[in-house]
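Chemist: Sequence:
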Amino acid sequence: MILHFNKPNNLDQLHDELLKNNIIPERVEGKENDIWITISDDTSENVITLINQIVESHIPQPKPKEFTLEQRIADLEQAIALIVGGGLGA
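Residue numbering for the sequence shown follows the numbering used here, beginning at 81 and increasing consecutively.
Calculated from the structure, these hints are not laboratory results. Check each hint, because a few of them may be wrong.
[To be verified] The calculated DMTMM-like cross-link candidates involving lysine to aspartate or glutamate, where the alpha carbons are at most 20 Å apart (straight line), are:
1) K143 with D96
2) K145 with D92
3) K143 with D121
Could you build all of it, start to finish, from the sequences and the hints given here?
Modeler: Below is the structure:
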């Protein structure tokens, strides 16, 4: 069974919120504000109600900023320069 919701979301956070409530969905997927939660066809109405409540109360937190490849290379170059140049207490 696939439950569909439409609201702003952070899917990683939402998945964690489901797990904290002992709900183990088969899948949690989304695109923009659409959310699809796949659960077993024999899921009880009580669990479906709880899923609805969790999604309704979900307040998405911003995702951590991902570093670009260029930023990672610059950080690595800086670390190497510190090591080679004796900047780490050598």
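Chemist: So, against the hints stated earlier in the document, which numbers end up violated here?
Modeler: 3
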